[in-house]
Structure formats: C-alpha cells, structure tokens
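Peer 1: Single-letter residue listing:
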Amino acid sequence: MKRTYIIAVLLLLSKSLSVQAADVVNGKKVVDLNCVACHQTGVMGAPKIGDTAQWTKRTEKGLTQLTKNAIDGIKSMPAKGGNSLLSDQDIKDSIAYFLSAANVKTESASQKTKDSPISSAKSTKEITPQKKKAVPQKASVASTPSKKPIKTVKSGAMKFNRLMKPPSEWNPAPFEDGIHDPDGEGAYTLQAPKEAFSQLNKASSGNRVDWMKSLDNKKIMPRYDRLDETKKPFVMDLNIVREVKGSMPDVVYPHKQHTEWLDCSNCHPDIFIPKKGANQISMASILMGEKCGVCHGKVAFPVSDCRKCHSKKKKTPFVASKNN
Amino acid sequence: MKKNNVLLAPFRTICLFICLVITLGLISPKVVHAEYGDVVINNYSEEAGMRPVVFPHWFHRIRFRCKVCHADLGFKFEAGGNKIDMLKIIDGEYCGACHNGEVAWSVENCNLCHSGKPGTTTQVHGSTVQQLVSPEKDKQNK
Numbered sequence: 001m002k003r004t005y006i007i008a009v010l011l012l013l014s015k016s017l018s019v020q021a022a023d024v025v026n027g028k029k030v031v032d033l034n035c036v037a038c039h040q041t042g043v044m045g046a047p048k049i050g051d052t053a054q055w056t057k058r059t060e061k062g063l064t065q066l067t068k069n070a071i072d073g074i075k076s077m078p079a080k081g082g083n084s085l086l087s088d089q090d091i092k093d094s095i096a097y098f099l100s101a102a103n104v105k106t107e108s109a110s111q112k113t114k115d116s117p118i119s120s121a122k123s124t125k126e127i128t129p130q131k132k133k134a135v136p137q138k139a140s141v142a143s144t145p146s147k148k149p150i151k152t153v154k155s156g157a158m159k160f161n162r163l164m165k166p167p168s169e170w171n172p173a174p175f176e177d178g179i180h181d182p183d184g185e186g187a188y189t190l191q192a193p194k195e196a197f198s199q200l201n202k203a204s205s206g207n208r209v210d211w212m213k214s215l216d217n218k219k220i221m222p223r224y225d226r227l228d229e230t231k232k233p234f235v236m237d238l239n240i241v242r243e244v245k246g247s248m249p250d251v252v253y254p255h256k257q258h259t260e261w262l263d264c265s266n267c268h269p270d271i272f273i274p275k276k277g278a279n280q281i282s283m284a285s286i287l288m289g290e291k292c293g294v295c296h297g298k299v300a301f302p303v304s305d306c307r308k309c310h311s312k313k314k315k316t317p318f319v320a321s322k323n324n
Numbered sequence: 001m002k003k004n005n006v007l008l009a010p011f012r013t014i015c016l017f018i019c020l021v022i023t024l025g026l027i028s029p030k031v032v033h034a035e036y037g038d039v040v041i042n043n044y045s046e047e048a049g050m051r052p053v054v055f056p057h058w059f060h061r062i063r064f065r066c067k068v069c070h071a072d073l074g075f076k077f078e079a080g081g082n083k084i085d086m087l088k089i090i091d092g093e094y095c096g097a098c099h100n101g102e103v104a105w106s107v108e109n110c111n112l113c114h115s116g117k118p119g120t121t122t123q124v125h126g127s128t129v130q131q132l133v134s135p136e137k138d139k140q141n142k
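Protein sequence lines correspond, in order, to chains A and B. Reminder that position 296 of the first sequence reads as 296 in our numbering, one-by-one numbering, no gaps. Reminder that position 95 of the second sequence reads as 95 in our numbering, one-by-one numbering, no gaps.
Hints in this document: simulated from the structure, not taken from any laboratory. The structure presented is a predicted model; accordingly, all values stated were derived computationally and were not measured. Check the hints yourself; a few may be wrong.
Quick list of in silico lysine-lysine cross-link-like pairs, DSS-like style, CA-CA up to 25 angstroms [claimed, not checked]: (1) Lys231(A) to Lys76(B); (2) Lys76(B) to Lys291(A); (3) Lys76(B) to Lys232(A).
Cβ-Cβ distance ranges computed for the label pairs, FRET-style [as the list claims (entries may be wrong)]: (4) Gln257(A) to Asn111(B): 53 to 63 angstroms; (5) Met86(B) to Arg223(A): 20 to 30 angstroms; (6) Cys110(B) to Ala53(A): 48 to 58 angstroms; (7) Gln191(A) to Met86(B): 35 to 45 angstroms; (8) Asn103(A) to Pro10(B): 44 to 54 angstroms; (9) Ser265(A) to Asn100(B): 17 to 27 angstroms; (10) Leu238(A) to Ala71(B): 11 to 21 angstroms; (11) Glu185(A) to Arg63(B): 16 to 26 angstroms; (12) Asp85(B) to Glu185(A): 51 to 61 angstroms; (13) Asp183(A) to Met86(B): 17 to 27 angstroms; (14) Arg63(B) to Gly50(A): 30 to 40 angstroms; (15) Asn103(A) to Cys110(B): 44 to 54 angstroms; (16) Asp85(B) to Val36(A): 36 to 46 angstroms; (17) Cys110(B) to Lys232(A): 32 to 42 angstroms.
Here a beta-carbon is modelled for each residue, glycine too, at the ideal position from N, C-alpha and C.
Generate coordinates for the entire structure from the input sequences, incorporating the hints supplied.
Peer 2: So, in structure tokens, the structure goes:
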C-alpha cells in the first residue's frame with residue numbers, strides 16, 4: 001500500500017520536473033495566442049516583438065526579474081498577460097521566444113539553449129509538424145499559429161469563471177472553434193473572424209466587435225437590400241423609456257439603432273405589441289431567448305452588457321425596503 | 001501498526017487530493033468555443049450523409065443588414081426553425097436567394113457550408129440559451 005503511494009508521488013514529481021528548460025517553440029505558441037494583442041503593436045508601452053532595443057532594456061535587471069514581472073504583472077501588463085491559466089513555465093518559454101525574436105542574448109538564456117538537451121530535442125521534434133501545418137493555413141489564416149490548443153489552456157470546471165473567456169479563446173478560427181470539422185474543406189478555406197474584424201471597432205463582449213460603431217464609422221457597409229446597394233434603411237429616431245423595478249437604471253430602447261439593421265416587421269407585432277404598456281418583459285424571459293433575447297444573447301450584443309440597455313438613471317433614488 | 005497509520009494519514013489525504021485534481025483535469029471535456037452567433041443547422045444534413053451546416057452570422061452581417069434575411073427572405077429568428085433543404089435552396093429560397101453564383105458562391109461548393117463537425121446539433125453558439133438553459137446540449141458536442 002505504502003509503496004504504491006510512494007511510486008505515485010515519484011511519478012508525479014518526475015513529470016513535473018521533466019520540462020524545465022525554456023522552450024522557444026512553446027513560447028511562440030503562447031505568445032501568438034495570448035501576448036500579440038499588445039506586444040505586436042506595442043500598445044501602452046508594451047515592448048514590441050523583435051525590438052532589440054526595448055527588450056535589451058527589459059533584461060537589464062536580469063532574466064529572473066523579467067520573468068517575475070511577467071508573472072506578477074507590471075504597469076499596464078496584467079499578471080501573466082491576463083491569462084491566469086498559463087503556467088510559470090509558459091511564461092518562461094514566451095520570454096525565451098521574445099528574446100530570441102529580438103535577438104537579445106542573456107546569460108541564462110544562451111546557457112539554456114546550449115546546455116539543455118531536453119529543449120533542443122523538443123524543439124526539433126516540434127518544428128516538423130508545425131511546418132506541415134503552415135501549408136493549409138496559407139489560404140485563409142496567416143496569423144493564427146497552431147491547430148493544437150496550448151496544453152495549459154484548460155476550460156470548463158477548472159476555470160475561474162466558466163462564462164468568461166480568456167482572450168486566447170476570443171474569435172477562434174474555423175479549424176479550432178470546435179464546431180467546424182477540422183478535416184473538412186471549410187476549416188481552412190473559410191475566413192477566420194479575426195481577419196475580418198481587424199479593422200472594426202472593438203467591444204468587450206459577443207464577437208468583440210462594436211457593430212453599431214463600425215456601422216456609424218462606415219467600417220462596414222452592409223446592404224439594406226439583397227441586390228440594390230444604394231437602398232437606404234428607413235431609420236426611425238424614437239426612444240422608448242421603460243421604467244424597471246429594483247435598483248437597476250431604467251431601460252432606454254432606441255428605435256434608431258434597431259431600424260438601422262432591422263425592418264419594423266421583424267419585431268412588430270410578433271415579438272413586441274406596438275403599444276405602450278402592452279409588453280411584459282423580464283430578464284428571465286430575455287435569458288430564455290424571448291423578447292429582447294430573440295437577438296440579444298444570440299447575435300446582437302449579449303445581456304452581460306447590462307448598462308447598454310439599463311442606461312437611464314432613476315429620477316427618484318431606489319430605496320430597497322421602505323415598506324417592509 | 002497504529003503508529004504507521006498515524007504517519008500515513010496526512011500523506012494519504014495529499015495523495016487522494018492530487019489524484020482528484022488529476023482526474024478532474026482529465027475529465028473536464030474539450031469545450032466548444034465557437035464564434036458568438038455561429039449557428040449549426042443539422043435538421044437533415046447528417047441523415048443525408050453530409051456534414052452539418054455552420055452559418056456564421058458575423059460574416060453575413062458585415063455584408064447585409066439583418067432585415068435582408070430576416071424580413072425579405074423570411075428567415076425565422078430560430079435555429080433550425082426554417083426547415084431549409086437543398087430543394088428550397090436550388091429553387092432560390094432561403095440561402096439560395098444569394099448563394100446562386102451571382103450574389104454569393106453557388107450551391108456547388110457543398111463543403112463550404114456543410115463544414116460542421118459530425119454529431120454537432122442544431123443550435124446558436126455562444127447564446128445565453130445554450131449556456132444557461134440547456135448546457136447539456138453543448139456537452140453533446142464535446
């Protein structure tokens with residue numbers, strides 16, 4: 001009995017110790033999925049990928065300090081770049097990749113690549129399948145790195161909040177989204193959402209695109225008619241204020257934004273009776289996909305954006321238990 | 001023997017805990033994290049030996065306002081609710097109104113629409129209904 005336990009523990013220890021050296025190949029995967037959003041463009045002072053000067057400056061205090069900063073977060077950079085599911089080893093690997101991309105050599109970095117047989121063996125092994133993968137990707141998804149999700153990105157029960165996705169899971173390409181057959185033709189020929197969204201206004205939920213702003217800014221010009229490009233929508237500028245129970249701000253329903261996209265007949269009279277006070281709406285029914293939930297929470301911005309609808313401050317402040 | 005047990009107790013707890021963590025990690029299934037608004041339509045596809053259809057809302061709303069499909073072409077606001085089949089499409093109804101080789105690619109590109117993973121059921125991905133009301137539907141697809 002005792003022996004079994006010891007063997008189990010030894011096995012576990014050996015597994016956790018086996019991958020220690022910085023692995024540039026894994027680093028690239030981690031960076032491509034988690035870090036490029038800031039480090040590609042250099043937003044908010046993030047050192048850009050391949051910028052030797054900036055990365056040399058970052059290594060002045062030593063690799064250990066740099067790793068510590070990346071793990072704990074520094075200035076605008078959140079801890080582990082905002083993806084707490086990444087392991088410390090992933091962070092080390094990504095730093096190794098950043099430094100090699102910027103041609104910066106630190107003592108421990110060069111030592112590791114020279115000395116460690118594990119890392120060199122591993123990288124040669126992994127380079128071959130990656131090269132292979134690059135071929136079908138060329139058609140549509142140039143920037144999306146690898147078919148295989150990173151081993152450390154867990155989901156479901158192990159997540160801090162199962163409804164919140166880490167940035168690495170936003171806008172997946174068809175071959176990695178779980179609903180396209182990766183063996184089918186469509187998986188690699190269809191356009192990836194990220195590619196189409198790059199120029200659009202960003203939002204924090206849904207498709208991560210602010211569709212209304214993108215339309216207002218003419219970043220997109222969707223047709224109002226199947227064939228006639230010149231046909232303009234019939235826009236009706238009328239706000240309906242719905243007073244709500246409880247402490248939430250009242251709802252302002254703008255006809256304007258809705259009629260930019262939709263026809264009156266889409267909502268009236270089937271979903272909403274066009275008469276004041278005739279429609280009972282609750283968050284429960286919306287979450288079940290009725291009323292506003294016919295679109296919001298499916299295609300239009302999701303219900304997690306509470307304040308987009310609940311946007312009007314109440315005239316009289318809400319008192320919770322005046323009568324009770 | 002008793003002494004031995006006392007020594008083993010914390011050790012055993014730790015081991016059990018580690019085992020539990022590992023099992024949970026292994027069991028937790030691969031999650032479908034499709035693009036928000038992607039609709040899988042599998043009314044007839046798999047029965048007919050084709051992959052399910054994946055309809056990307058995002059791709060279409062870049063090009064058309066909701067009204068074009070949901071008012072002019074008569075698409076109901078319900079995943080799988082339109083009972084679309086290839087006959088209707090070839091007749092120029094539903095998808096066929098544009099996917100005719102003139103406005104968009106023609107029906108000959110079977111695998112571009114029929115690109116879903118086999119066994120994926122009809123539903124809107126990323127929706128609150130999927131996440132809160134019937135999460136078990138989602139599990140089937142993992």
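Peer 1: With reference to the structure, classify each hint as holding or not holding.
Peer 2: These are the hints, each one checked on the structure:
1. Annotation: proposed proximity of Lys231(A) to Lys76(B) holds, straight-line Cα distance about 23 angstroms (limit 25 angstroms).
2. Restraint check for Lys76(B) and Lys291(A): satisfied, since their Cα atoms lie roughly 14 angstroms apart, inside the 25 angstroms limit.
3. Proposed proximity of Lys76(B) and Lys232(A) is supported: the alpha carbons are some 23 angstroms apart, at most 25 angstroms.
4. Taken as a hint, the range 53 to 63 angstroms is violated for the pair Gln257(A) and Asn111(B), whose Cβ atoms sit roughly 37 angstroms apart.
5. Take Met86(B) and Arg223(A): their Cβ atoms lie about 25 angstroms apart, and the range 20 to 30 angstroms holds.
6. In this structure the hint that Cys110(B) and Ala53(A) lie 48 to 58 angstroms apart at CB holds, the actual value being about 52 angstroms.
7. Taken as a hint, the range 35 to 45 angstroms is violated for the pair Gln191(A) and Met86(B), whose Cβ atoms sit roughly 24 angstroms apart.
8. Between Asn103(A) and Pro10(B) the beta carbons are some 50 angstroms apart, a value that agrees with the proposed interval 44 to 54 angstroms.
9. In this structure the supplied range 17 to 27 angstroms holds for Ser265(A) paired with Asn100(B), their Cβ-Cβ distance being about 25 angstroms.
10. Under the hint 11 to 21 angstroms, the C-beta atoms of Leu238(A) and Ala71(B), about 19 angstroms apart, fit the expected range.
11. For the pair Glu185(A) and Arg63(B), the supplied restraint of 16 to 26 angstroms holds, since their beta-carbon distance comes to about 22 angstroms.
12. With their beta carbons about 21 angstroms apart, Asp85(B) and Glu185(A) fall outside the hinted range of 51 to 61 angstroms.
13. Taken as a hint, the range 17 to 27 angstroms holds for the pair Asp183(A) and Met86(B), whose Cβ atoms sit roughly 22 angstroms apart.
14. Separation of Arg63(B) from Gly50(A) is about 35 angstroms and conforms to the stated range, judged on CB atoms against 30 to 40 angstroms.
15. In this structure the supplied range 44 to 54 angstroms holds for Asn103(A) paired with Cys110(B), their Cβ-Cβ distance being about 48 angstroms.
16. The hinted range of 36 to 46 angstroms is satisfied by Asp85(B) and Val36(A), whose Cβ atoms lie roughly 42 angstroms apart.
17. For Cys110(B) and Lys232(A), the hinted distance range of 32 to 42 angstroms is satisfied, since their beta carbons lie about 36 angstroms from each other.
Hint compliance for this structure: hints 4, 7 and 12 are broken, all remaining hints hold.
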